[in-house]
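Protein chains in written order, with the working numbering: chain P, 1 to 336; chain H, 1 to 336; chain C, 1 to 336; chain V, 1 to 336.
Keep in mind that the hints were calculated from the coordinates and are not lab data. Source: prediction; values computed, not measured. Some clues are possibly wrong.
Identical copies go unnamed one by one, so any copy, or any two together, can satisfy a pair.
Straight-line Cα separation of at most 16 Å, EDC-like style, residue types lysine to aspartate or glutamate; simulated pairs [unchecked claim]:
#1 K126 to E265
#2 K189 to D269
#3 K126 to D106
#4 K90 to D122
#5 K117 to E83
#6 K126 to E137
#7 K249 to D172
#8 K249 to D70
#9 K258 to E37
#10 K126 to D70
There are 4 protein chains.
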Amino acid sequence: MTRVAILGASGYTALEAIKLLLRHPQAEITAVTSRQEGNAHIASVHPSLARRLDIRLENLEPAQVAGRADCVFSCLPHAASAEFCAAVVKAGARVIDFSADYRLGDADTYAQWYEHKHPDADRLGKTPYGLPELFREQIADAPLVANPGCYPTSAIVPLAPLLAAGLIEPRDIVVDSKSGVSGAGRTPKLTTHFPECNESVSAYNVGRHRHTPEIDRICSLASGKSVEVIFTPHLIPMDRGILTTTYSKPTGDVTEQKLLDTLREFYEDEPFIRVVEHLPGTKDTVDTNFVDVTARLVRGRVVTISCLDNLIKGASGAAVQNFNIMFGYPETTALA
Amino acid sequence: MTRVAILGASGYTALEAIKLLLRHPQAEITAVTSRQEGNAHIASVHPSLARRLDIRLENLEPAQVAGRADCVFSCLPHAASAEFCAAVVKAGARVIDFSADYRLGDADTYAQWYEHKHPDADRLGKTPYGLPELFREQIADAPLVANPGCYPTSAIVPLAPLLAAGLIEPRDIVVDSKSGVSGAGRTPKLTTHFPECNESVSAYNVGRHRHTPEIDRICSLASGKSVEVIFTPHLIPMDRGILTTTYSKPTGDVTEQKLLDTLREFYEDEPFIRVVEHLPGTKDTVDTNFVDVTARLVRGRVVTISCLDNLIKGASGAAVQNFNIMFGYPETTALA
Amino acid sequence: MTRVAILGASGYTALEAIKLLLRHPQAEITAVTSRQEGNAHIASVHPSLARRLDIRLENLEPAQVAGRADCVFSCLPHAASAEFCAAVVKAGARVIDFSADYRLGDADTYAQWYEHKHPDADRLGKTPYGLPELFREQIADAPLVANPGCYPTSAIVPLAPLLAAGLIEPRDIVVDSKSGVSGAGRTPKLTTHFPECNESVSAYNVGRHRHTPEIDRICSLASGKSVEVIFTPHLIPMDRGILTTTYSKPTGDVTEQKLLDTLREFYEDEPFIRVVEHLPGTKDTVDTNFVDVTARLVRGRVVTISCLDNLIKGASGAAVQNFNIMFGYPETTALA
Amino acid sequence: MTRVAILGASGYTALEAIKLLLRHPQAEITAVTSRQEGNAHIASVHPSLARRLDIRLENLEPAQVAGRADCVFSCLPHAASAEFCAAVVKAGARVIDFSADYRLGDADTYAQWYEHKHPDADRLGKTPYGLPELFREQIADAPLVANPGCYPTSAIVPLAPLLAAGLIEPRDIVVDSKSGVSGAGRTPKLTTHFPECNESVSAYNVGRHRHTPEIDRICSLASGKSVEVIFTPHLIPMDRGILTTTYSKPTGDVTEQKLLDTLREFYEDEPFIRVVEHLPGTKDTVDTNFVDVTARLVRGRVVTISCLDNLIKGASGAAVQNFNIMFGYPETTALA
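Only chain P is shown next, with the shape it has when bound in the complex (with noise of 0.2 Å):
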């Protein structure tokens, strides 16, 4: 039995991660911490949760957490995420983080896109990306793994076999993103107020968002090349779900059936990626942990699309599917 521990537990991701984690035969949620609920039952928080999980939401030192888990999912914002885990971390502790502290490379990039200085600069690019259909082996005995964001995902997923593969150019990739209203977090805003959002479709961080950079990296890690993407999110009138259309250039001649082979070869032992000859939609894998993903060839042009839970494989799917590689369980478990 492994004892997970849960930062920020007030929002979705970690209402995600507890859903998952109560059907893991082998982990123990020991603590769930808020250091704006006070000492609230989690179900308070989360009515869904009742009789699921009894637990009170505790405000918690990062010492006190290590001593009652050997695993820590972070759901902290940014910043204080990486201050908390670091402390985590030295206690002895295991951490998987759900924010983008380390998913980048270098403090440079990382000052440049979230504007402040990283407190724990030194894991950056030692860090684990938590893709495993990228980094299994690396995420596997590592202390920290950094659980990817969940547009980047949905960007990797069916770029980095096309790039590794030499069969479409690093530049000049579009991303063109969709994503549910679940993404924008759990703190009520304008731009999420019901009448607001629903019923309308709006892109936002137009060439800012700070998941471009993320996009960049792991492609390029994935590739040798040097990927450079332009990136536009949209916010979909949904709760979950995000679908990914890219538009890259091929290097040279290649057929749909190539692209679509070369996605196959790739991902063929990979238990949560569907490579699908249909043009997917989120709802084929709400709840689920699956990206589907599929090519096309337009007018020479290579077209992607794929989909994805942003709470399942885009968040919380991962961070299960990374506990389990840490903690050597079937990579499947709490995810079939």
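Starting from the known structure of chain P, fit chains H, C and V onto it as the hints suggest.
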């Protein structure tokens, strides 16, 4: 007073056309036709029209329609529409055709994309495309106007000025569109069944949507260049609205300011195009005849974002705008 | 031409009032106020108004407002509204108050349900309730009109005629209402955060919603009986629309036909009440000033179903209707 | 290991049953049938099942099904279901029937509400109603169990204990239910076409919904009184979830506390009934087998509010719960 008949009155574009015309002080709806609904009152098909329009559906011949109306709005399906409209024009009434039948330039392209022989091929290439922002003069005197497709309007409005000014390359333009479900029409099918498309996003007709050659043609006409777009439509769980994101390559050095200024100048006197600095959402334009459009420069690539109400500026509002131009009314009548 | 000022212009009811007034040939919007938005252009708060209304928000005193407008639409919160409106009336302008401040009959009931002392108690009981279908004459000459609540209108329209005709018992009337989220206003909170209220239905304020005494009072006034309702509002994942289902006991033998005939006769000359035989849906009335209403007899109990757009007939459309009556314009102006 | 066959596997309840059974360590899905989908792979009908269930649809006879399965989940339409199920039982397999065929007590009531002769009338009144909270013992040994309707479960759970305790009158009980669209099944029709039912609420089948006699019968069985409800279902623009609000008359003096205590005691040992003090929302129960229920006293009338996931506790979760009871597995297996 101008007498208007509406063909194929049981669908969504017909309903919106009726609502707009009811506000038009110079338009009188004298006939509404349907081949399936027998002699039903319009309110039995569209309950929202009860007490607003007291008229019954009829199954009329072209000559009868022409005898009853000065202007005919055809909401018939393609092919059927051209056949009927040709006869109506011959019988002396003017026509605004909502179908795609007269939007392309030649019979071969039509046959290739619509998979049947055009029933009135002689008018192809001679019928004005009903986007007044580009073809106002031709529309004014035309016996028949090809009302634009919803996706094409959303793509042409941002692209035409930038192409015409030589700011962007005419090839490899990505047009990524997101549309509400009313664009799929009123006939129930599995893909538009609520529990299938709600809470889901998917792409459809990738690489083979029929609006592709229409966008190509009008952008080419507007710019004098041979334009080719990679067009991907997506279905979004909302009633109405289209947001289109385009990605293109600048021809040379260009600034965001230059892009916005070019759009502003092009549409300076246009009552229904709003060039905005913020990122617009479809909700800003719903129930209006506006297109909201902006531009960004992202990593050396031109990104435009535009939105409109697919049933208004994307269909029935455009038709009323054309109607106003054709019959000499102030262009914004019933649309303000 | 009548000059209109709108107080509290950043919310949804103000936005709808503005849109309706823009279509009114005899109304001119001369001031829009807000205490929080500084001197912002109205389009920066409501992007949909760009190019439609060129005016800036101001923070004005009552006397200033009265100097600039003949009629003031107050969309201020309750208590604040009465205080401001009393001063505006004193300064010589007429007022349509969207808040609940003048809807109840006495200061004690007000204090009990709204939990503070009424700032202008003398006008309680003397201010006409702005439901023209019941109080048209009093509205015509009033300096101040209490614009009805959205839920109350949906309940009073079906109940008042049946109560007045003595067909149903005035006690134990169940009013079960379902409302879209715009009824909760524009201030973000957790309950109206998209991922919380989307894909969910819940009841709220059971047994203590402030519209309860308003429904009681107006139904009592309309029927001469002491009416008491059990009112339960529910939040529905949609932007706008209210559907209300009432359950009451017939006083004696009654048929469904008699119920429908009573409603039809009562509303015979009313332009905005549609007594229908089918079961209406809120979508039939969205963006209109109509109430659709029907009745059924189920196992000896009277069931009525009524629906309206909470922002139009439930707020701003009713206000424009009252405005037309107060200033001598045809009642349907800007509402057809 | 228990072998399970699923009849009528192309619909939503079948899909949910499959998903739950895939998590059941003791259940093996050995056959899935469909009369329309030929020999298609289950994933071509339900894309979300790709890589989770590798099986093809078949068109099997009752004896074939009974030869392949110990337990048969019938998701066939009513009438067709009874005919098939009777033959399956005869051939030696046990059956959980999702249709309404065995829920009523006698053939006359069935004929009156379902408008045709019951094909297996002898079993009416003898087949246990699959609500374990009321009929656990009968379910355990039954060859055939009538899986409850979604609306009835939502109404019976709050009403049965209050009726059994004699706290409320058995007559004039109002049951006002709000349901997501998946309850209408997977066959596309105009009323469930997205642009028709999205952004709208409507009542349907008022006074003649077939779940009415089912609620009557089970509440009567549970309380020993002759219960009669006025039942009104409403269609809500969301995928899944039912919230039911009931209104009834207390038999004497009663407090809110007494109501809640009565519910709590009745369901004290039930793993899937959560008696709560707050007002629950359907989202709290989505994807779970819980019913959340509370009670209020409003102006001397008893109001209960209950909610559940119509596809889980309202259908497939209940079926798995019954399966567990019938085959001796812990009742919460695959449902926790």
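Q) Among all the numbered hints in the text so far, which are the ones the structure does not match? A) Failing hints, ascending: 1, 2, 8, 9, 10.
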